[in-house]
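Q: The numbers in the numbering used here rise by one with no breaks, and the one at position 285 of the sequence shown is 760.
There's no promise every hint is true.
To be verified - In silico lysine-lysine, DSS-like type, Cα no more than 27 Å apart, as pairs:
#1 Lys775 to Lys511
#2 Lys622 to Lys525
#3 Lys792 to Lys660
#4 Lys610 to Lys525
#5 Lys728 to Lys775
#6 Lys511 to Lys688
#7 Lys728 to Lys622
#8 Lys525 to Lys836
#9 Lys525 to Lys604
#10 Lys525 to Lys792
#11 Lys486 to Lys688
#12 Lys486 to Lys604
#13 Lys486 to Lys525
#14 Lys486 to Lys511
#15 Lys731 to Lys829
#16 Lys660 to Lys486
#17 Lys500 to Lys486
Stated by the list, open to error - Simulated restraints on C-beta separations:
#18 Ile856 to Leu489: 51 to 59 Å
#19 Pro535 to Asp584: 23 to 31 Å
#20 Glu603 to Glu656: 33 to 41 Å
#21 Asp584 to Ala512: 39 to 47 Å
#22 Thr609 to Val793: 41 to 49 Å
#23 Pro535 to Leu489: 16 to 24 Å
#24 Glu685 to Glu656: 42 to 50 Å
#25 Asn690 to Glu768: 19 to 27 Å
#26 Glu798 to Ala533: 51 to 59 Å
Think of the hints as simulated: they come from the structure by calculation, not from any bench. The structure presented is a predicted model; accordingly, all values stated were derived computationally and were not measured. Quick reminder that beta carbons are idealized off the backbone N, C-alpha and C, glycines included.
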Amino acid sequence: MPDELNARYPKLQLELQERISAYWKRNAKLTSMSVKAFGSDMGMVGLLFKATLEWDPADPQLPTSLVIKLPRMGTKSNLVEQLEKETENDLFASNFLDVTHNVEVQVYDIFDSLEFPPVPIARCFMREKMNLDTKRGIIVLEDLSQKAVQLEDLSTSLTVGQLHSIASALADLHSWCITTEIDWKSPFADADERIKKIDNIQPMVSNGLEWLKSNYEKRMIHKDFTPALNRFKPTLPTVLVHGDLWTNNIFFKPNKHGKCSDQLAAIIDWQLVHTGNIFEDLSIILTWCASAEIRRTHSKEIIQQYYKRLVDNVDGKVSLPSEDLLWTAFNEVWPARAILLGGMLQMLLGTAVKLDSPDAKQRTENMVNRALACYDDAMTIIESRKVLQVCCFYLFPKKAFQLLIYNYSNKWGHMLSVKGLLKSKDY
Numbered sequence: 476m477p478d479e480l481n482a483r484y485p486k487l488q489l490e491l492q493e494r495i496s497a498y499w500k501r502n503a504k505l506t507s508m509s510v511k512a513f514g515s516d517m518g519m520v521g522l523l524f525k526a527t528l529e530w531d532p533a534d535p536q537l538p539t540s541l542v543i544k545l546p547r548m549g550t551k552s553n554l555v556e557q558l559e560k561e562t563e564n565d566l567f568a569s570n571f572l573d574v575t576h577n578v579e580v581q582v583y584d585i586f587d588s589l590e591f592p593p594v595p596i597a598r599c600f601m602r603e604k605m606n607l608d609t610k611r612g613i614i615v616l617e618d619l620s621q622k623a624v625q626l627e628d629l630s631t632s633l634t635v636g637q638l639h640s641i642a643s644a645l646a647d648l649h650s651w652c653i654t655t656e657i658d659w660k661s662p663f664a665d666a667d668e669r670i671k672k673i674d675n676i677q678p679m680v681s682n683g684l685e686w687l688k689s690n691y692e693k694r695m696i697h698k699d700f701t702p703a704l705n706r707f708k709p710t711l712p713t714v715l716v717h718g719d720l721w722t723n724n725i726f727f728k729p730n731k732h733g734k735c736s737d738q739l740a741a742i743i744d745w746q747l748v749h750t751g752n753i754f755e756d757l758s759i760i761l762t763w764c765a766s767a768e769i770r771r772t773h774s775k776e777i778i779q780q781y782y783k784r785l786v787d788n789v790d791g792k793v794s795l796p797s798e799d800l801l802w803t804a805f806n807e808v809w810p811a812r813a814i815l816l817g818g819m820l821q822m823l824l825g826t827a828v829k830l831d832s833p834d835a836k837q838r839t840e841n842m843v844n845r846a847l848a849c850y851d852d853a854m855t856i857i858e859s860r861k862v863l864q865v866c867c868f869y870l871f872p873k874k875a876f877q878l879l880i881y882n883y884s885n886k887w888g889h890m891l892s893v894k895g896l897l898k899s900k901d902y
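Please put together the full structure from these sequences, using the hints given.
A: Have a look at this one:
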């Protein structure tokens, strides 16, 4: 086994034999286990290993391949080092990333306690929280690559069908969050507090947009991005947010050609889970993972389908806003995520976007087009809001008109739109 894994878990083969046999109710011996590291250029939070297993007697029910995740202890990935540099925060890892392994363990604890998890996930055969004294801390998952496939990288756009599939899964997760009696928020309280401390994102976004402007200024409609930097404000907690939902963390069922179908197989990497706005994950998916053409043409359709699924799942148990109000709320959340893509594009090229392939130039162009379109569309929304806000201040001086109002209901932290405000009794 790799040194790092062997040092922390010298008897891992025996431990896995016991846990997997118990999981599948089998009495088999794990006769061989070979382990190799992988994904070193992509793992921001943990160390990844793939284990190949042999059983006696052979049993098709028992896994022949597993994914093993270890939390980093005393080391940082290249991406984290770059983030700390860009945010001028050399404590980013210790203030936030150090808890992410335990967060993912808690996610699997919650989902495994349910008869049916509200969202498709990988089977978890073993998990332990990080312990700095014993150096233990591990998550062992089924190897989804044995039955599902992923898009090649972030530059490959999700299809409309795939977006619908993801939106449905998020609606299922969110409806569970707002109707369940289970206390799912408390386990993530520490992570939520640490996320609130990450308040120096503006320098990173500013530097990223400067890079985008210096390289692609002729293609930018809005040259002044100063108003965009004011979009990075916290939203109130409402549902369980994955926090890192992009192409690399999504598996789809294979089609007859072995490529990604439109059917979602599983969502992985739950280290950045926190409580947050219902649109945090969905806006990232539509912004970062879909082409500009698909986003512009199908976003409203995706949100409508998400809303319908949410309404069907909730089944009148809680009060929901109207579909129009939800669409307006999405457009309040979306610009910040759109601008963030431009701010992080330089870091994504070569990490989330593969640049060591023959079509690297096209991959880069796909992402540049996506980032520029997101930036310009977001700036158009921001500037139109400024005009509307001036008009509303004039019409409603008593309230010093706010574009958004938080706490629309006890269960929801979504934002009340201009349309909703004008209909309220306060005016």
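Q: All the hints need checking, so say for each whether the structure fits it.
A: Outcome of the hint check:
1. The hinted pair formed by Lys775 and Lys511 fails the criterion: a straight-line CA distance of about 44 Å is larger than 27 Å.
2. At most 27 Å may separate the alpha-carbon atoms for a hinted pair to count; Lys622 and Lys525 meet this at roughly 15 Å.
3. The suggested pairing of Lys792 with Lys660 holds, with an alpha-carbon distance near 19 Å, which does not exceed 27 Å.
4. Taken as a hint, the Lys610 and Lys525 pair is honoured in the structure, with Cα atoms around 20 Å apart against an allowance of 27 Å.
5. Restraint check for Lys728 and Lys775: satisfied, since their Cα atoms lie roughly 25 Å apart, inside the 27 Å limit.
6. Straight-line distance between C-alpha atoms of Lys511 and Lys688 comes to about 41 Å, which puts the hinted pair past the 27 Å bound.
7. Between Lys728 and Lys622 the alpha-carbon distance is near 7 Å, which keeps this suggested pair within the 27 Å criterion.
8. Straight-line distance between C-alpha atoms of Lys525 and Lys836 comes to about 31 Å, which puts the hinted pair past the 27 Å bound.
9. A threshold of 27 Å between alpha carbons decides the hint, and for Lys525 with Lys604 the separation of about 20 Å falls inside it, so the pair holds.
10. For the given pair, Lys525 sits about 43 Å from Lys792 by alpha-carbon distance, which is inconsistent with the 27 Å threshold.
11. With a C-alpha separation of about 53 Å, the suggested pairing of Lys486 with Lys688 is violated against the 27 Å cut-off.
12. The hinted pair formed by Lys486 and Lys604 meets the criterion: a straight-line CA distance of about 17 Å does not exceed 27 Å.
13. Note on Lys486 and Lys525: the hinted pairing holds, with a Cα-Cα distance of about 17 Å set against a maximum of 27 Å.
14. At roughly 17 Å between alpha-carbon atoms, Lys486 and Lys511 fall within 27 Å of each other, so this suggested pair holds.
15. Note on Lys731 and Lys829: the hinted pairing holds, with a Cα-Cα distance of about 26 Å set against a maximum of 27 Å.
16. Our distance criterion of 27 Å between C-alpha atoms is broken by Lys660 and Lys486, whose separation comes to about 34 Å.
17. With a CA separation close to 21 Å, the supplied pair Lys500 and Lys486 stays within the 27 Å bound.
18. Taking the beta carbon of each, Ile856 and Leu489 are about 57 Å apart, inside 51 to 59 Å as hinted.
19. In this structure the supplied range 23 to 31 Å holds for Pro535 paired with Asp584, their Cβ-Cβ distance being about 29 Å.
20. As the Cβ distance of Glu603 to Glu656 is approximately 28 Å, the hint placing it in 33 to 41 Å is violated.
21. With their beta carbons about 26 Å apart, Asp584 and Ala512 fall outside the hinted range of 39 to 47 Å.
22. The given range of 41 to 49 Å is respected by Thr609 and Val793, whose C-beta atoms sit roughly 43 Å from each other.
23. For Pro535 and Leu489, the Cβ-Cβ distance of about 23 Å falls inside the hinted range of 16 to 24 Å, so the restraint holds.
24. For Glu685 and Glu656, the hinted distance range of 42 to 50 Å is satisfied, since their beta carbons lie about 49 Å from each other.
25. Between Asn690 and Glu768, the C-beta spacing of about 22 Å keeps the proposed range 19 to 27 Å intact.
26. Taking 51 to 59 Å as the suggested C-beta distance range, the pair Glu798 and Ala533 conforms, at roughly 53 Å.
Of the numbered hints stated above, those contradicted by the structure are hints 1, 6, 8, 10, 11, 16, 20, 21, listed in ascending order.
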